[in-house]
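Q: Here is what each chain is made of, one letter per residue.
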Amino acid sequence: MHVVSFTRSTPDTAAKVWVDEEGKVTWGDVATVVNPWDEYSLEETIVQAKGSAGEATVIAIGPDIHDDALKHSIAMGITKALRIDEPNADIRDSLVWSALAAGAIKKLGDVELVIFGKESVDVATDQHSYQLARRLGWTMLSYVSNIVALDADARTIRVEQMLEQGKRVLSARLPAVISVMKGINEPRYPNFLGIRKAAKAQIPVWSAADLGIALPVAATAILAYHNPPVRDVATEIITGKDSAEKAAILAERLFEEKVL
Amino acid sequence: MSVYVWIETYSGRANPSSWEALAAAGALAENLGSDVTALVFGENAREIATEAGHFGATNAYICKDEVVNEYRLEAYTQLMTDLVKQQQPAFVLAVASSRGRELLASSAVDTESGLIADATELRLDKGKIIAIRPAYAGKVSMEMTSNSMTTYITVRGRAFQAPPKDANATVSVAELQTALTMKDISVAAETFTDSAEDVNLTEAAIIISGGRGMANNPQEVPSEEDAADPNVWKAKEGFENTLRPLAAVLGAAVGASRAAVDAGYIPYEHQVGQTGKVVNPDLYIACGISGAIQHQAGMRGSKIIVAINKDAEAPIFKLARYGIVGDLYDVVPELTAALRRKLGS
Numbered sequence: 529m530h531v532v533s534f535t536r537s538t539p540d541t542a543a544k545v546w547v548d549e550e551g552k553v554t555w556g557d558v559a560t561v562v563n564p565w566d567e568y569s570l571e572e573t574i575v576q577a578k579g580s581a582g583e584a585t586v587i588a589i590g591p592d593i594h595d596d597a598l599k600h601s602i603a604m605g606i607t608k609a610l611r612i613d614e615p616n617a618d619i620r621d622s623l624v625w626s627a628l629a630a631g632a633i634k635k636l637g638d639v640e641l642v643i644f645g646k647e648s649v650d651v652a653t654d655q656h657s658y659q660l661a662r663r664l665g666w667t668m669l670s671y672v673s674n675i676v677a678l679d680a681d682a683r684t685i686r687v688e689q690m691l692e693q694g695k696r697v698l699s700a701r702l703p704a705v706i707s708v709m710k711g712i713n714e715p716r717y718p719n720f721l722g723i724r725k726a727a728k729a730q731i732p733v734w735s736a737a738d739l740g741i742a743l744p745v746a747a748t749a750i751l752a753y754h755n756p757p758v759r760d761v762a763t764e765i766i767t768g769k770d771s772a773e774k775a776a777i778l779a780e781r782l783f784e785e786k787v788l
Numbered sequence: 120m121s122v123y124v125w126i127e128t129y130s131g132r133a134n135p136s137s138w139e140a141l142a143a144a145g146a147l148a149e150n151l152g153s154d155v156t157a158l159v160f161g162e163n164a165r166e167i168a169t170e171a172g173h174f175g176a177t178n179a180y181i182c183k184d185e186v187v188n189e190y191r192l193e194a195y196t197q198l199m200t201d202l203v204k205q206q207q208p209a210f211v212l213a214v215a216s217s218r219g220r221e222l223l224a225s226s227a228v229d230t231e232s233g234l235i236a237d238a239t240e241l242r243l244d245k246g247k248i249i250a251i252r253p254a255y256a257g258k259v260s261m262e263m264t265s266n267s268m269t270t271y272i273t274v275r276g277r278a279f280q281a282p283p284k285d286a287n288a289t290v291s292v293a294e295l296q297t298a299l300t301m302k303d304i305s306v307a308a309e310t311f312t313d314s315a316e317d318v319n320l321t322e323a324a325i326i327i328s329g330g331r332g333m334a335n336n337p338q339e340v341p342s343e344e345d346a347a348d349p350n351v352w353k354a355k356e357g358f359e360n361t362l363r364p365l366a367a368v369l370g371a372a373v374g375a376s377r378a379a380v381d382a383g384y385i386p387y388e389h390q391v392g393q394t395g396k397v398v399n400p401d402l403y404i405a406c407g408i409s410g411a412i413q414h415q416a417g418m419r420g421s422k423i424i425v426a427i428n429k430d431a432e433a434p435i436f437k438l439a440r441y442g443i444v445g446d447l448y449d450v451v452p453e454l455t456a457a458l459r460r461k462l463g464s
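Sequence order for the protein chains is H and X.
Numbering follows our numbering, with no gaps: position 202 of the first sequence is 730.
Numbering follows our numbering, with no gaps: position 323 of the second sequence is 442.
If we strip away everything but chain X, and leave its shape as in the complex, we get:
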């Protein structure tokens, strides 16, 4: 009755958020008097299994067949399902990334097992799993249980702390073969364009976000620019030259409100909120964001919230630990300079 963790990989490297899932699994395994088994499929599976061992896995199943060389939902699901049917682990965990969510949901239905998505807390009560997860855009939380032989659980990124690395820990590795071949795969991946962002919003420890106030940039639109909408030019320039330097100093990701995205100031992939991403960084700096309830739905889980806004009445100040009432275009460059001095970068 081991506890399994799918280690998400990308281009032959582990997604470090998977170590958080290993931590969550470790606590369950300890309670059950069991151990943690990492599932690593694809490129560099053996090396990544060794790494998973450094973060608490004692066993690993790896598969290096061509059909799982890169992530393919059908093949990964089949491999996971076959293993679960055969071994009947108590739990299968993964981080609740896009792929973690679809993979565990697919395999759960194959095995008619319970699925708990996006858990933020887990505990065992006399062997019964109790999970806390958000509902209604985080306005309430749901307490769930599952009674199937195996329960699949995705854990919200940054809800569990990754275990300390022990580079001397070893892992016992078994290699799997899948019955699938490339002919069984119905989806063909044609092209892939890497995100231009260094830091992924949902995994970021620090996020700098901009809102409608980004349009108040005092910069003049250069005469050679097509100034069809000067606000769009100003806001884009502000994201690039005011928010990004602060993000760079802190190794932060750049977020945005729906208002900023809908106005065309920044692409949708940056949107935080009800119809964007849900984030829970240690530090969230909201610049020129009023803090509509739909935005709060995406960021209220942040540990420390800082609001920088000209409008002292903006609702965002009610959530904020620290606030500066002022023009972000005055405050942010000063904050960047102050942090640069302190961090010596």
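Pulled out of the complex, with its shape left as it was, chain H reads as follows:
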């Protein structure tokens, strides 16, 4: 079964990210990493493709900064990577992004399962997975914490879904798009062989014309980025003769703050 994962490069999670004088988002010269949630989706893609004796493909949409995430994916064990780059497309709008993604899945032709990480930490949203599923007319299974069963012959999938209210077991027919949570697996670290393979990998780049799609009009626009207001950091370290006294003072303060 052909399993596909989408990924992107995002700033290292420990990086300081800020808006510079020109209004651009920057993280200095800190390296990017594969979007942290995608470590789980990439691992799951490798496992499920292998389990069904199929192919594992990773796709990134956007400029070549995302090649780093694609190479990391190959180093983990994904067999094929490709990038969609369309200079005329405003991929910051998810209608446009999902149209390109759907075009890529259709061009690949034999894909039965698409796996996303729960969200992208840079754009801080998960809307891309739902919109891709809808564009393809496929079943969407979100917040998956476990793939209970995947039957490539019967073309069925059973998953455990993790919601605010609890866990639910869902079954559906393939093809499907799923988004996965942390805890679904233990993502592997790339080994030496994988890293060598990734270094040598040639990543094909497809345009909208290659996909044979007409681009939709972007409905949203980003007007500006802002640095958040500096947090009031007037910390009061509570002192007292013992823990009981400190705790009593803290309780008093919390009442004064009217947060209880």
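Calculated directly from the structure, the hints in this document are not laboratory data.
Note that the structure is a prediction, hence the values are computed from the model and not measured.
Among these hints, one or two may not hold up.
No more than 30 angstroms apart at the CA atoms, straight line, and that leaves these computed lysine-lysine pairs for BS3-like [claimed, not checked]:
{"id": "1", "chain 1": "X", "residue 1": "LYS396", "chain 2": "H", "residue 2": "LYS552"}
{"id": "2", "chain 1": "X", "residue 1": "LYS245", "chain 2": "H", "residue 2": "LYS552"}
{"id": "3", "chain 1": "H", "residue 1": "LYS769", "chain 2": "X", "residue 2": "LYS429"}
{"id": "4", "chain 1": "H", "residue 1": "LYS544", "chain 2": "X", "residue 2": "LYS429"}
{"id": "5", "chain 1": "X", "residue 1": "LYS437", "chain 2": "X", "residue 2": "LYS355"}
Not everything, but these chain X residues come out facing chain H in the computed CB check (under 10 angstroms) [unchecked claim]:
{"id": "6", "residue": "TYR129"}
{"id": "7", "residue": "SER225"}
{"id": "8", "residue": "GLY233"}
{"id": "9", "residue": "LYS258"}
{"id": "10", "residue": "ALA324"}
{"id": "11", "residue": "PRO400"}
{"id": "12", "residue": "ILE423"}
{"id": "13", "residue": "ILE443"}
{"id": "14", "residue": "VAL444"}
{"id": "15", "residue": "THR455"}
Every residue gets a Cβ at the ideal spot worked out from N, C-alpha and C, and that includes glycine.
Here the structure of chain H is known, so what remains is to put chain X in place on it, guided by the hints.
A: Just chain X, lined up with the frame of chain H:
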């Protein structure tokens, strides 16, 4: 050009966070000289529509067909999409819960409409929507607009204040039918296990979180316990018998750092941070949490942060309004007792 709000329901009851979305919608509707319409699908739809009226909806569309009796993404999306295509509301809002996010994103693509996810502020500038939403794990914020006929917006939980309840307010209800039947549904729900938690982290007004320091529990591991890893036993015991009593006194939810989750001290559903939940309670009490930047990504939106940590140099103190340098196992039980006395519980 009404402003629509999807009211999230669960087991025949409204998710009270939906009232926050009604507040956000009310402000937009007022600016447009329009009104707020609640969309309520499923069990007890009529009763919940009445309740939505108490929180600012003047109209409601309800649907009680079998196929929407419980939440099903395909059916709910189709119903919302058909309604939006027909009525072309200016906005469709919902709270940015798991289901709110997937439902609005799905219907937005059906109608080729703009989607703004997880908004924390909304305003209209000469009829144009301006939204503020977090990006890069809350390290920066993004100002967005949308130019489609209808714009879909999910609002972050607790970013907007629910309107005061007016039990005399009435709502005008219209009932919808969907063209879908159970045969059109491709996903079958088999079992459901309710969360053991009383308070949902993302909706909690108060959160008590534990980190790596939970392993410093002075309790001895009982001899009958398999002490393969005494730290795990100690930390679990600490979450149960030290943090939970404090949470119970305050009606708070229990959170955790990634370090605590990865060490097996507490299940993943409690994780706050970059690969866990993003929370913004009124009060966040961090116990034995150093405050790594990835943890901060999940909780920096909290109104008042309290840090209890043995290490006076822990980065969490830089975020905290109040700090106690000390062992959480000494401080937390005293804090629980002090609050219990004050709250008389």
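Q: Now look at each hint and say whether the structure bears it out.
A: Against the structure, the hints:
Under the criterion of a C-alpha separation no larger than 30 angstroms, the hint pairing LYS396(X) with LYS552(H) is consistent with the structure, at around 27 angstroms. Simply put, LYS245(X) and LYS552(H) have alpha-carbon atoms about 26 angstroms apart, close enough for the 30 angstroms limit, and the pair holds. At most 30 angstroms may separate the alpha-carbon atoms for a hinted pair to count; LYS769(H) and LYS429(X) meet this at roughly 16 angstroms. Distance hint between LYS544(H) and LYS429(X) is fulfilled; the C-alpha atoms sit about 26 angstroms from each other, no more than 30 angstroms.
The straight-line distance between the Cα atoms of LYS437(X) and LYS355(X) is roughly 27 angstroms, inside the 30 angstroms bound, and the hint therefore holds. Because the closest C-beta pair between TYR129(X) and chain H is about 6 angstroms apart, less than 10 angstroms, the hint holds. Annotation: SER225(X) was flagged as interfacial toward chain H, and the flag holds, the nearest CB pair being 5 angstroms apart, inside 10 angstroms. The criterion of a C-beta within 10 angstroms of any C-beta in chain H is met by GLY233(X), whose closest approach is roughly 3 angstroms, and the hint holds.
Among the interface hints, the one on LYS258(X) holds; its C-beta lies about 4 angstroms from the nearest C-beta in chain H, closer than the 10 angstroms criterion. The beta carbon of ALA324(X) comes within 8 angstroms of a beta carbon in chain H, closer than 10 angstroms, and the hint placing it at the interface holds. Interface hint status for PRO400(X): upheld, as the beta-carbon distance to the closest one in chain H is roughly 9 angstroms, under 10 angstroms. Evaluation of the ILE423(X) hint against chain H yields a held restraint, the C-beta minimum of about 5 angstroms falling below 10 angstroms.
The closest approach between the C-beta of ILE443(X) and any C-beta of chain H is roughly 5 angstroms, which is under the 10 angstroms cut-off, so the hint is satisfied. Given the 10 angstroms rule on beta carbons, the hint for VAL444(X) holds: about 6 angstroms separates it from the nearest Cβ of chain H. For THR455(X), the interface hint holds, since its Cβ comes within 10 angstroms of a Cβ in chain H; the closest pair sits about 8 angstroms apart.
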